[in-house]
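Taken in sequence, the protein lines are chains A and B.
Using full-length UniProt numbering, you'd call the opening residue of the first sequence number 1 and step up by one each time.
Using full-length UniProt numbering, you'd call the opening residue of the second sequence number 1 and step up by one each time.
Hints in this document: simulated from the structure, not taken from any laboratory.
It cannot be assumed that every hint is accurate.
[To be verified] Computed far set for chain A versus chain B, every beta-carbon distance over 12 Å:
| id | residue |
| --- | --- |
| 1 | L39 |
| 2 | I141 |
| 3 | V183 |
| 4 | C243 |
| 5 | G459 |
[Said to hold, decoys possible] No farther apart than 20 Å at their CA atoms in a straight line, the calculated lysine to aspartate or glutamate pairs in the EDC-like style are these:
| id | chain 1 | residue 1 | chain 2 | residue 2 |
| --- | --- | --- | --- | --- |
| 6 | B | K198 | B | D137 |
| 7 | B | K272 | A | D278 |
| 8 | A | K272 | B | D282 |
| 9 | A | K272 | B | D278 |
| 10 | B | K202 | A | E653 |
| 11 | A | K202 | B | E360 |
| 12 | A | K198 | B | E642 |
| 13 | B | K198 | A | E642 |
| 14 | A | K532 | A | E136 |
Just so we're clear, the structure is a prediction, and the values are computed from it rather than from any experiment.
Beta carbons are placed, not taken as given, at the ideal position from N, Cα and C, and that holds for glycine.
Each chain, written out:
2 protein chains.
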Amino acid sequence: MEELVGLREGSSGNPVTLRELWSPCPRIQRGIRDGLKWLKQKLFHMGEDWHLLMTLGVLMALISYAMSFAVGSVVQAHNWLYQEIGDSHLLRYISWTVYPMALTSFSSGFSQSITPSSGGSGIPELKTILSGVVLEDYLDIKNFGAKVVGLTCTLACESTVFLGKVGPFVHLSAMIAAYLSLVRTKAVRESENPKANKTKQKEMLVAGAAVGVATVFGAPFSGVLFSVEVLASHYTVWDYWRCFFASTCGAFMFRLLAVFNNEQETITSLFKTSFRVDVPFDLPEIFFFVVLGAICGILSCAYLFCQRIFLGFTRTNRFISKLLATSKPVYTALVTLILASITYPPGMGRFMASRLSMKELLDSLIDSNSWMLITRNSSPPWPAKPDPQNLWFEWYHPQFTVLGTLAFFLVMKFWMLILATTIPMPAGYFMPVFIYGAAIGRLFGEALSVAFPEGIMAGGVTYPIIPGGYALAGAAAFSGAVTHTISTAMLAFEMTGQILHALPVLMAVLVANAIAQSCQASFYDGTIIVKKLPYLPWIRGRNISSEGVIVEHFMNCAITTLAKDTPLDEVVKVVTSTDVAEYSLVESTESQILVGVVRRAQLVQALQAESPSWAPGHQQCLQDILAGGCPMEPMTLQLSPETSLQQAHHLFELMNLQSLFVTLRGRAVGFVSWVELEKAISNLTNPPAPK
Amino acid sequence: MEELVGLREGSSGNPVTLRELWSPCPRIQRGIRDGLKWLKQKLFHMGEDWHLLMTLGVLMALISYAMSFAVGSVVQAHNWLYQEIGDSHLLRYISWTVYPMALTSFSSGFSQSITPSSGGSGIPELKTILSGVVLEDYLDIKNFGAKVVGLTCTLACESTVFLGKVGPFVHLSAMIAAYLSLVRTKAVRESENPKANKTKQKEMLVAGAAVGVATVFGAPFSGVLFSVEVLASHYTVWDYWRCFFASTCGAFMFRLLAVFNNEQETITSLFKTSFRVDVPFDLPEIFFFVVLGAICGILSCAYLFCQRIFLGFTRTNRFISKLLATSKPVYTALVTLILASITYPPGMGRFMASRLSMKELLDSLIDSNSWMLITRNSSPPWPAKPDPQNLWFEWYHPQFTVLGTLAFFLVMKFWMLILATTIPMPAGYFMPVFIYGAAIGRLFGEALSVAFPEGIMAGGVTYPIIPGGYALAGAAAFSGAVTHTISTAMLAFEMTGQILHALPVLMAVLVANAIAQSCQASFYDGTIIVKKLPYLPWIRGRNISSEGVIVEHFMNCAITTLAKDTPLDEVVKVVTSTDVAEYSLVESTESQILVGVVRRAQLVQALQAESPSWAPGHQQCLQDILAGGCPMEPMTLQLSPETSLQQAHHLFELMNLQSLFVTLRGRAVGFVSWVELEKAISNLTNPPAPK
């Protein structure tokens, strides 16, 4: 654009500039200029933003792929170092522990020094933003670098710290979406309507979240569904289509890059499985899938409970909270030292397949063979380094067998994962939970294949039980229960490229969700509660008791109204004595008929501008200031005392409102904000109300 | 329940009844009674209705399976008759045509005689109901039998009339859902709140729609997504979870019955494919998938356009409209005769695989082999009856080759399908469209496999192109474009049990949708428009011009207000001269402050009760009648003249509103209903506004 401006100046009679010398064909130039103008108008003027969605998808795919690539290189370097450093246990131990310690401390220190809000996953904050709260700077593009660099370092520690990338990617994607919608707003200067821009921005953020999930797994369907389930309480079909478009672009680009980089022959799924197609499972196995779902549900409750308790502990314990407040990198390094020491391969790591990366862990767990049946007669060796063809050798131990190592993995990772979530650095918590669930399912499946070694009979042929199917169901069920979502089932199919287990997996997920949702708040909701972010609780469909509650019962009657005929000195008194963002403006002190809203900031400004002319004789009133230019916003929506709680809740949710005034026959009688709604809802559900 | 009441009466001191003689253990009885009471309370009191959802799913699965079974038997009988009737062409022709004629005339006559609203798919009407309009009796359970019997007859004609079962199943499922929610309402007498019951009913209807789709295809995911996309403009995550639960129950039961009936070894997908797993498609093929999507999009526009034109023609043409109005079975028989004559196998049916049933058509089209490559050197025979192992033989003709028959099929079915949709009988239009799309894709795929006979190279091995993959993409893209949905892609994967083509199919569907949505209203919206059902148009996200429009610009100022101090004779005058359902009640004629709403019916009733006491001396006014018991509904929600069009539209959509009053400073100044909104929206989009 700058250049274009320069050209225009140059060609309009000014002395010939260097630029003009470079441009011998003014006609072509004008053509290009007009073309660009036309393009800009076409792209932005009609409110179309498909191209922005596409840009968003492609950009995130590039970032996701580049990050995977960088992480791969760092991990490879670490593996090389660990292999080449010699046989001395001390040296090996140091190389195993110091490397992740350095990475995580850097990740934590670097990202926290740039922006304090870059830690954690970012999904809880985004959820709050999407429900209408403005979190200052949270989506600022300048945090982008911190989060990207921090996350890369976190991921480079692989299964040692056992953290993933989904959450931060949703955050990153939302940042880019916010930035793109800012670009759009700047391009479309004619529509200065701030409300429409806000709507547009929200649409972009929703798409951004979907793209974030889709570009991590290359899974457009579950990207959209997961982001909707996690982030919103309701959504429009319009948003859903836009999300699909954006996340398809993202997922396609992400997988395309893998093909271009010769990693794959063609576009396929990320964690390809090869389950038997003819009879993947027998009918009675459905029962075991449901049992697995129940187990995952119960374990997820235990996990969520312990996680919340421990998070609370780190905040109340004087030593830890001091450490976390003053020197985050030290805390990070200490925790990483513990985690890395436990996973040291010649030590305890031998029993928990700690040499595998996150991807390899999942790949090995959804393997289609039954390890117990294979290892009954032969015992595979423990190779010097993981064998890419037989990753599951890592899970085998001659004494403990596969069942022992899986159980040990589950026990250890349970508290290690909880410990890891307290590290203040950019990290996702979905992937570890998914893998943990896969391990639960694998253990269950292997136990079943031992219990029924003869397998299943169908059409005269016997087929062995596929423990990999149980691993898939466990992963979907456990991650679904922890996040209170169902689309994890879809994710499992999209990630593996096989949808044979559709019904059993879905049933396991439903059972796990039923248990988890009735006992615990979801991982993200729990974080929102712990972080004390604003949060509008859910009225559960079952709450029949909510039906009689109307706004009159819970509205806040203590409103500060300013009448148009209020004398100015009284206005000043009110403004100085109260601290609300906006005042309701009424017609007159007597009638109290609501006419609009005045923002405090603008009122103060107008008062300051007015003050010199205060003449003691003429009693000025608010009316004069309003006439003098202090803007007043008209009322667009108001509640009445008879509105039901559910209706009000619906309104707040749909319209992303923060507060509404209540009028009775035109008179302002109170207001309702999130605080009042929250109180009213919690009064309904005296027992702890999950999600 | 009746029996329980009888028992209670018997045991409370009355003479010993027969019932009491049958009940020797009063203690056990009391126990059972208390248990039942407790169960009833548990089941209904807390507002829980998971058991209802499960019942819904299981019931619909049973009906769906029973219907498939009945249809299968009828079709088998027809096939047997056709085979056994001898070689005389006349006899064969008569048996081929009379059978479907009899079935369709019966279907049309029987269902129309019981309920005139049983024709067609039912999805457009359900969409209208879900947006808040009350269509009398449309969901009455007494229509159920008519629709079931009619649909069974329709389906028994198989590919001759080429109609499906999805739409009516959604309608049937909604009927059962409405009935179940009625049962629930009766059981929960304590909560008489009609609004809550309405919400509950809507929740059940949404779940019902999902179950309808899920039990037809055994596909829970796409059942939920498709019903949401087709029926709603937005939905809550709460509904989405309930839908998932219900449709999983339904799909599971549906597939379970197939296993119990020894049709299948275990629970698998309905149209199992066996595409090559290693390299299902090469990267450059993505381009062809996108081209296929564009072709499907363009064809869908042509189809929708012709369909609407022809529907209009049947309504305006004097002969046809008279026939349709007076003797529907005759019209049905005539149309069926045309369709059956064309599909007569030894005649033109030879070139359009007319001996295959609907299921077999789809099964053959998604076959994984390339027919063109197979038939290059050998020509398969035309068997006496379709060979279940090689269904595709039906598509082969020595002269025309496969390409010729596919093209002929597409050309003929184009207008035959349009003709079939005008038959007034219960029938679904999704499956034919899906199969039509599969044929488009197959033709495209076969053409590609001829153009590139050497196939694709990957890792040193050559693989042939899979035309079945294109058939799948074509089916999803064409049906998606016709119905304006994306979840048809998901449906294609769930139905076939393979998700290898996830990205290409999704891209084809997106392209097809982009074209179709920008040119034509969807099939269901088109039907709503043609049937003149109430319909709230969509404000497209792109419509920036809508941002400046506020309620003041389009509200209807001609409201009839009744003041509390209006004399009764004037009230009577107003009531007799106007014909609105409700009047806005204002504080006084002077102030015009809105206080509530009075229903016309109740006001008339109150006026009639009051009339005898009219004393000429005392001037009674409305206030007295209100005090005398005429109920007044308080205002719960009101618009203000400054509310934007988009906000108002949002409100109407979310809250399922019919009309709202507009107040300015408490005074009633107008009202907005669907009519005003529709007008305002159509003023925005002067060119034809699709969906």
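Verification of the hints:
1. With 12 Å as the threshold on Cβ separation, the claim that L39 (chain A) sits away from chain B holds: the shortest Cβ distance comes to roughly 17 Å.
2. No beta-carbon of chain B is positioned within 12 Å of the beta-carbon of I141 (chain A); the least distance is around 24 Å.
3. Every CB of chain B is more than 12 Å from the CB of V183 (chain A) (nearest about 16 Å), matching its label as outside the interface.
4. Residue-level check failed: C243 (chain A) sits 10 Å from the nearest beta carbon of chain B, not beyond 12 Å.
5. Distance check on G459 (chain A): its Cβ comes as close as 6 Å (rounded) to a Cβ of chain B, failing to clear the 12 Å threshold; non-interface status is violated.
6. At most 20 Å may separate the alpha-carbon atoms for a hinted pair to count; K198 (chain B) and D137 (chain B) meet this at roughly 16 Å.
7. A distance of roughly 10 Å separates the Cα atoms of K272 (chain B) and D278 (chain A); the hinted pair therefore holds under the 20 Å criterion.
8. With a C-alpha separation of about 17 Å, the suggested pairing of K272 (chain A) with D282 (chain B) holds against the 20 Å cut-off.
9. As the CA atoms of K272 (chain A) and D278 (chain B) are separated by approximately 10 Å, the hinted pair is consistent with the 20 Å bound.
10. Taking the CA atoms of K202 (chain B) and E653 (chain A), the gap is near 19 Å; set against the 20 Å cutoff, the hint holds.
11. Of the pairs offered as hints, the one joining K202 (chain A) and E360 (chain B) is violated, with about 46 Å between alpha carbons and a cut-off of 20 Å exceeded.
12. With a C-alpha separation of about 18 Å, the suggested pairing of K198 (chain A) with E642 (chain B) holds against the 20 Å cut-off.
13. With a CA separation close to 18 Å, the supplied pair K198 (chain B) and E642 (chain A) stays within the 20 Å bound.
14. Of the supplied pair hints, the one linking K532 (chain A) and E136 (chain A) holds, its CA atoms being roughly 15 Å apart against a limit of 20 Å.
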